[in-house]
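There are 2 protein chains.
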Amino acid sequence: MPKGYNGRILRVDLTEGRIWEETPDERVYRLYMGGSALSLYYLLKELKPGVDPLGPENVLVFMSSVLSGAPIPGVPRYTVAARSPLTGAFGEAEAGGFWGPELKHAGFDGIVIKGRAPRPVYLWIKDGKAELRDASGLTGKDTGEVQRIIREELGDERIRVAQCGPAGERLVRYACVLNELKHANGRTGMGAVMGSKNLRAVAVRGTGKLEFADPERLKAIGKEVADLIPQSPMARNFKQYGTPVFVMPLNDSGILPTRNFQAGIFEGAQKISAEAMNQTILHSTKGCYGCPIHCKRVVKVEGKYATDPEFGGPEYETLASLGSLCGVDNLEAIAHGNELCNRYGLDTISTGVCIAFAMECTEQGILSPRDTDGIELRFGNADGMIQMIHKIAKREGFGDILADGVKEAARRIGKGAERYALEIKGQELPMHDPRGKKGLVLSYATSPTGADHIEAPHDTSFMSETPMLYAANPAGILEPMPAVEIGPRKIRLFVHAQQIWNFFNSLGICNFAAAPYSAFTLPLIADALKASTGWNTSLYELMELGERTVTMARLFNLREGLSAKDDRLPQRLFEPLEAGTPREKRLTEEEFREALRLYYGAMGWDPETGVPTRGRLAFLGLDWVELSA
Amino acid sequence: MPKGYNGRILRVDLTEGRIWEETPDERVYRLYMGGSALSLYYLLKELKPGVDPLGPENVLVFMSSVLSGAPIPGVPRYTVAARSPLTGAFGEAEAGGFWGPELKHAGFDGIVIKGRAPRPVYLWIKDGKAELRDASGLTGKDTGEVQRIIREELGDERIRVAQCGPAGERLVRYACVLNELKHANGRTGMGAVMGSKNLRAVAVRGTGKLEFADPERLKAIGKEVADLIPQSPMARNFKQYGTPVFVMPLNDSGILPTRNFQAGIFEGAQKISAEAMNQTILHSTKGCYGCPIHCKRVVKVEGKYATDPEFGGPEYETLASLGSLCGVDNLEAIAHGNELCNRYGLDTISTGVCIAFAMECTEQGILSPRDTDGIELRFGNADGMIQMIHKIAKREGFGDILADGVKEAARRIGKGAERYALEIKGQELPMHDPRGKKGLVLSYATSPTGADHIEAPHDTSFMSETPMLYAANPAGILEPMPAVEIGPRKIRLFVHAQQIWNFFNSLGICNFAAAPYSAFTLPLIADALKASTGWNTSLYELMELGERTVTMARLFNLREGLSAKDDRLPQRLFEPLEAGTPREKRLTEEEFREALRLYYGAMGWDPETGVPTRGRLAFLGLDWVELSA
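Chains A and B, in that order, give the protein sequences. The working numbering numbers the first residue of the first sequence as 207 and each following residue consecutively. The working numbering numbers the first residue of the second sequence as 207 and each following residue consecutively.
Just chain A, same shape as in the assembly (with noise of 0.2 Å):
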């Protein structure tokens, strides 16, 4: 019997309506851990390559982690994964809250699900048991509503539920997870996949107790984490300001992407900045599972912008992409955007990007509003960029060409709008500058899932603040590095927090909450798991398991025909900015094909190819993994 996990896998086949469970051997568990890697695990044994991502084909997952669930903070997370129909990569969001701490207390680790249901369906699991339930009367209704049917249908209001809204019905191809209203598995449109599977909802509860090995360790370390927090001055800011509070210091350091990556300094970034939040429409704050931080801001508004505070409120992700980036300073129409995306279950990352294409494409000369459905899509422009998100989400007019994501957008429009689509492997950019934070631009260029803010660290330049350079010491980053660097100790640097990154992905931690950003150290975190498992472990373990998840995502899109060549930057990362990170301060693109390099080698890959070598799999246990498919 398995201490902290539950040893069950729930599987489903849509098509034929069938549910059962399966066992995987504890060295599965033990290798893969959850999250991230157990999903690829699952999808580089099972799914085909090359099959369509929005067909009965792809193999979707939802899988939570062996340390999941457990009494202490930090790890709330829990990972969809799939064949993106975004990038045709490898497709994963995780998001925080309490689905998948819910999913292990009701006797599941994990779900695989295949095939596509004849009519809409949703997964009703609980405690142990699990059944799929006619969802007819819940197409076309926004999230509310369905959370709301499905809670009254089954008499509990404590039902998690995690659900593609209408955006994943209508094969939005960056449609999102979203949990309980607001949480969401935001990027990659694993709602798409939802959606074309006609699976609307995973609704769950568990009233099941978990086994630790040591219940007595975990509590200690829970309050060790506890006391922690108000030591760490990123926990303190989080608690304070959520992560709103990156909208000042970004901006200030000329990285705040503008304008559609134009500027990295926004004239407007005080009326949309944390401090403006708290002392205007914040209503409350949220926490995670088991996590006292309580980061996620709750916001209400009224009047033209009314925002319902049971849709969370903006992360600074959003203030940015909706913000920032349109030329929007209306903290108030941010606060609604973000809640219509929640509504309608759109990635609001894509959603902004996409949004403030348009809005650069009208500036040039290459959209009017005679192919906007009327909009004047220019920056700035808040209630256009809010028309636009009820188009998106409708697959509407103009709306319908954006919902394909920003690069396949781009190709339609053709006379150049290519060059003002930000996106890598058609994943469109999050909210941080890499111009000016030249680690980040190996994050965005070799993240398997596409430019992504949850593959590698933001920005491997904060390890120079001394408490979380020396919360790094254990994984073995030692130096402090300048954001403008990108030589040898760069790349040192930036493999190592790319493998803290990724254990956190595949065991569900939360980077808000751990080291090195906040106080759930990452020396307790390898205890944790061994209090919660039983095993021998160490951090050591954990970080062959970051190594582990990357390179099986990067396997996973070999197989499906992605190469080096993919692995670039949209060339307005080496143009001009309107203000921010000054030119010699910027990346050059020669710089960028000597980092990807030295990354490729450093990761055991081939230099050139960026192909993991034979041996290097067969180092992290991967040597199973067919290359070809």
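Hints are supplied without guarantee of correctness; some may be wrong.
Given that identical chains are not distinguished, each listed pair holds provided it fits within a single copy or across any two copies.
Claimed, not checked - With a cut-off of at most 25 Å between alpha-carbon atoms, the simulated SDA-like pairs for lysine to any residue come out as follows: (1) 335 x 417; (2) 209 x 685; (3) 600 x 777; (4) 425 x 742; (5) 429 x 740; (6) 791 x 829; (7) 209 x 675; (8) 429 x 414; (9) 251 x 740; (10) 621 x 777; (11) 429 x 742; (12) 492 x 355; (13) 209 x 673; (14) 209 x 686; (15) 771 x 812; (16) 251 x 685; (17) 771 x 813; (18) 209 x 672; (19) 445 x 769; (20) 251 x 695; (21) 209 x 674; (22) 791 x 830; (23) 251 x 686.
If you are wondering where the hints come from, they were derived from the structure by calculation, not from laboratory data.
Place chain B on chain A using the hints.
Below, chain B alone, put in the same frame as chain A:
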């Protein structure tokens, strides 16, 4: 002020008779820590490639570690390193005992020695001061006399003397460095390098107290390890039998090297076993600094093979090399041979392999007593073995030919003698027949020092025993693996084990006191490092140190002109055995080549050339190493 270490490296220029000291950055201590890695740091920085190993330009390093001298069991070892006169490659050997910790208490972490003294000298270090003293009166004297004279001259019986013997003075290419007459830095001819520099001894006395970051925690760790010893089957074995405990199990498995690796089973094994020793010649047992295991045997023989307990007693490697390998089953003769090697300062492994080689050449008719000074060198001739030890050490007659090592001897003898020269990179094979332990072929073939039992695990199949496998878990070793396996999963295990072995070599940790063999667990070692230095470290950093060590040694050898083609095995290892591992369980050449490719790739080296990628060097913080001269 650093904790746990002195922050002082003693520098000696023998040519000029100049002594000074330097303080490396804390970053250097943290990345390299001591032993192998810190020695390699100095060699790669300061040794010009291509110099004569026995010339004044060679750099000779005596290196303790940041953890050495802490009041805990299991960290007694220190490293002597230089370019090897036996192999032309990286030369390095570890010794236990007390010398390393004594150096730490004398105020230094290591010694870097250059040049050649105009006449014989010894280095005297006491409590932060150092001087070169005349050693003309010591020339030609055996190690016992030299130690006595130095102690008398300096008036302190507690002085720890590391010295080369007369064999080192005469530049026998496998002369060792001997500590207190019984602990040898045995391999790769470091004694010859001392001899070539006219440096007869390094005498050390330290009464200083090291300051530790957390002395209470260190004390608790020491107690915890002491408590673990009686619970560890191997630690109990080592306590009762020492390393001779291996004789019978290896013989029973068919891998006890016998008659120059013609067989893996020795009919006289019982007579040279640990059990026999305990019942006959065992006089007492001794431990190393801080260690209650006391695995060191002290033997006493009277009569023909009179053996003085002052010189300790034979380890397993010596029982096999002077015993089964020469077909000698006379335990007293082996004990006497061991004493002679210690008196002269000869590596017992290389000495035994050279003699066994000559014996086989005699059996094959390539040599006759006319060539070998009238001695009939046939297997089983114990007195011939003893006579040859004298002749090798004195470079007398045929001994002069064997004194250059088996590879050079075979070249000079010609007539196909190469076939019987069991060496890799010019160093004689240690005493585990790799035909029955397929992981061991990688240890031997790829070891930067040539065939060597300290560079990587003897036998990764030991991990199939439950307590050891469990103890290795925190280092990512999770699966049992049979000895005859050599596929990707064995490569995974091997590289992990190699990382452990190599961070041991860099921290001064003894394999017989530490996990996975024995009681000092891997996480506790990381804790001890933390308590000693105050660094916020973890097992992860140590595993990376292990990889860094292996990679630095690889870089050293590449600079010296070695390449993948030097990672080879003697042909005999693919040939039939008289008795031992059956053919179907033995390694094929094809398996070996495939294993090499996987190993290179696993290390982040080019799978064909075995050259580390620049990216992996960046990952390890080694981008400063120039591969070209």
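Hints, verified against the model:
{"no.": "1", "hint": "335 x 417", "result": "within (19 Å within a copy, 60 Å between copies)"}
{"no.": "2", "hint": "209 x 685", "result": "between (38 Å within a copy, 19 Å between copies)"}
{"no.": "3", "hint": "600 x 777", "result": "neither (31 Å within a copy, 73 Å between copies)"}
{"no.": "4", "hint": "425 x 742", "result": "both (18 Å within a copy, 23 Å between copies)"}
{"no.": "5", "hint": "429 x 740", "result": "both (19 Å within a copy, 24 Å between copies)"}
{"no.": "6", "hint": "791 x 829", "result": "between (42 Å within a copy, 23 Å between copies)"}
{"no.": "7", "hint": "209 x 675", "result": "between (33 Å within a copy, 20 Å between copies)"}
{"no.": "8", "hint": "429 x 414", "result": "within (23 Å within a copy, 41 Å between copies)"}
{"no.": "9", "hint": "251 x 740", "result": "neither (27 Å within a copy, 45 Å between copies)"}
{"no.": "10", "hint": "621 x 777", "result": "within (16 Å within a copy, 68 Å between copies)"}
{"no.": "11", "hint": "429 x 742", "result": "both (22 Å within a copy, 20 Å between copies)"}
{"no.": "12", "hint": "492 x 355", "result": "within (23 Å within a copy, 78 Å between copies)"}
{"no.": "13", "hint": "209 x 673", "result": "between (34 Å within a copy, 20 Å between copies)"}
{"no.": "14", "hint": "209 x 686", "result": "between (39 Å within a copy, 22 Å between copies)"}
{"no.": "15", "hint": "771 x 812", "result": "both (14 Å within a copy, 21 Å between copies)"}
{"no.": "16", "hint": "251 x 685", "result": "between (39 Å within a copy, 21 Å between copies)"}
{"no.": "17", "hint": "771 x 813", "result": "both (13 Å within a copy, 22 Å between copies)"}
{"no.": "18", "hint": "209 x 672", "result": "between (37 Å within a copy, 20 Å between copies)"}
{"no.": "19", "hint": "445 x 769", "result": "neither (41 Å within a copy, 56 Å between copies)"}
{"no.": "20", "hint": "251 x 695", "result": "between (36 Å within a copy, 18 Å between copies)"}
{"no.": "21", "hint": "209 x 674", "result": "between (32 Å within a copy, 22 Å between copies)"}
{"no.": "22", "hint": "791 x 830", "result": "between (44 Å within a copy, 24 Å between copies)"}
{"no.": "23", "hint": "251 x 686", "result": "between (40 Å within a copy, 23 Å between copies)"}
Comparing the model with each numbered hint stated earlier shows that hints 3, 9 and 19 do not hold.
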